[in-house]
Amino acid sequence: MTSSHVERITATLLAACLLVSTAPALCGETSSPAVVESQIDIELQRAMAATGANAIAMAVVEDGHVTHVASRGRRNAAGDPLLTDTVMYGASLTKAAFAYMVMQLVDEELIELDRPISEYLDRPLPDYPDDPRYGPWSNLADDPRWRSLTPRMLLNHSAGFANFAWLEPDGKLRIHFEPGSRYAYSGEGYILLQFVLERGLGLDVGKEMQRRVFDRFGMTNTGMTWRPDFADNLADGWSIDGAPEPHDPRSKVRAAGSMDTTIQDMARFAAGYIRGEGLTPQAHAALFRAPLPIATDRQFPTLQSELPAAKRCENLASGLGVEVFDGPQGPGFIRGGHNEITGNVWVCLQRGRRCVVILSNDVRAEAAFPRLVESVLGETGAPWRWKYGAMTFWR
22 MTSSHVERIT ATLLAACLLV STAPALCGET SSPAVVESQI DIELQRAMAA TGANAIAMAV
82 VEDGHVTHVA SRGRRNAAGD PLLTDTVMYG ASLTKAAFAY MVMQLVDEEL IELDRPISEY
142 LDRPLPDYPD DPRYGPWSNL ADDPRWRSLT PRMLLNHSAG FANFAWLEPD GKLRIHFEPG
202 SRYAYSGEGY ILLQFVLERG LGLDVGKEMQ RRVFDRFGMT NTGMTWRPDF ADNLADGWSI
262 DGAPEPHDPR SKVRAAGSMD TTIQDMARFA AGYIRGEGLT PQAHAALFRA PLPIATDRQF
322 PTLQSELPAA KRCENLASGL GVEVFDGPQG PGFIRGGHNE ITGNVWVCLQ RGRRCVVILS
382 NDVRAEAAFP RLVESVLGET GAPWRWKYGA MTFWR
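Under the numbering used here, the residue at position 2 of the sequence shown is numbered 23, and the numbers go up by one with no gaps.
Rather than coming from a laboratory, the hints here were simulated on the basis of the structure. From a predicted model like this one, the values you see are computed outputs, not experimental measurements. Treat each hint with caution, since some may be false.
[Stated by the list, open to error] Ranges of calculated distance between the beta carbons of each label pair, as one might list FRET restraints:
#, residue 1, residue 2, range
1, Leu-104, Ala-330, 44 to 54 angstroms
2, Pro-349, Leu-104, 33 to 43 angstroms
3, Leu-131, Lys-332, 39 to 49 angstroms
4, Arg-372, Arg-144, 45 to 55 angstroms
5, Ser-202, Gly-263, 36 to 46 angstroms
[To be verified] In the DMTMM-like style, the derived pairs of lysine to aspartate or glutamate whose C-alpha atoms are separated by at most 20 angstroms in a straight line are:
#, residue 1, residue 2
6, Lys-193, Asp-163
7, Lys-273, Asp-151
8, Lys-273, Glu-335
9, Lys-193, Asp-151
We put the beta carbon where it would ideally sit given N, CA and C, even for glycine.
Using the sequences and the accompanying hints, generate a full structural model.
Put into structure tokens, the structure is as follows:
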């Protein structure tokens, strides 16, 4: 069957059964029957037609092993196809990979999750000169609470920072609440832990990520910074209004989100991650164990007021590098990645070690994420409304 035949069939099916959800439910759970592997490609075509997205790539992991990798659509305005080895922006999926690397350091007793970061530095944090690769730590000079920050707090978003200092009204970094007491999403916390590893332990985070994560899992087209060989098979992107924009070649290692990757590589990482490869069972479990409850209405904007217990997204908490939830199939986790032209998501269920990874270079694809994930995994209980707010999802 040719691609044109598939498109005509898809259009007919969409006309017959396309539904759009505008339900305001807090957690945004959806329900969709599982599909067999042969239907995944058609689901991607349907999702693109329904959302207007130019391209989507998707991978499936069953029992800790990659079973399906697919890509559909185009990688740039010239119409070049999106392939399974096309380099795409990983965005905040980087955080999960970074946390996984940190747990290897924990296994090797190079760092402890609950030891104050001040004990790893040779001078007080605010005394370090401001460096554009990191945060403006000098802004914390009058707030001694920085001394109580630990790697765990930086990884589970409880440091008290805004997402980034430049988002503050005056552009200055500050601690908004007692560290460790509550959740508020912060990329700045990840940059601080990167700083501690590099300045305190003398590690090169880019090299450690390459050796401990990318090389380990055979992620040959993944890097924490731009590589010239990426240019031959690179995805540009499209914004929410459908405007094409070029890929941003990142020159600085940023633990919060500088990773470029492919759906093929992310599938390998997801499989190894859910198996716990390269970690002791204790370190692997620590990624999800004793998570910090999340009590906000949405993920963004960060630093929201906490909701009363009755209005919170039930069984949602922050692990290390991922958000964890407990749904109808038991515990699972989710990690997203987003910018103006990027929509990524990764959802896993611990039972059966099952995962779906989706990368898109068109941010409009995010509206299809609940349906695509649950078409494979069934109803998971993933916190779609918390993560994507008032977005209208394709059903």
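Verification of the supplied hints:
no.: 1; hint: Leu-104 with Ala-330: 44 to 54 angstroms; verdict: 47 angstroms, holds
no.: 2; hint: Pro-349 with Leu-104: 33 to 43 angstroms; verdict: 35 angstroms, holds
no.: 3; hint: Leu-131 with Lys-332: 39 to 49 angstroms; verdict: 41 angstroms, holds
no.: 4; hint: Arg-372 with Arg-144: 45 to 55 angstroms; verdict: 47 angstroms, holds
no.: 5; hint: Ser-202 with Gly-263: 36 to 46 angstroms; verdict: 42 angstroms, holds
no.: 6; hint: Lys-193 with Asp-163; verdict: 12 angstroms, holds
no.: 7; hint: Lys-273 with Asp-151; verdict: 16 angstroms, holds
no.: 8; hint: Lys-273 with Glu-335; verdict: 38 angstroms, violated
no.: 9; hint: Lys-193 with Asp-151; verdict: 12 angstroms, holds
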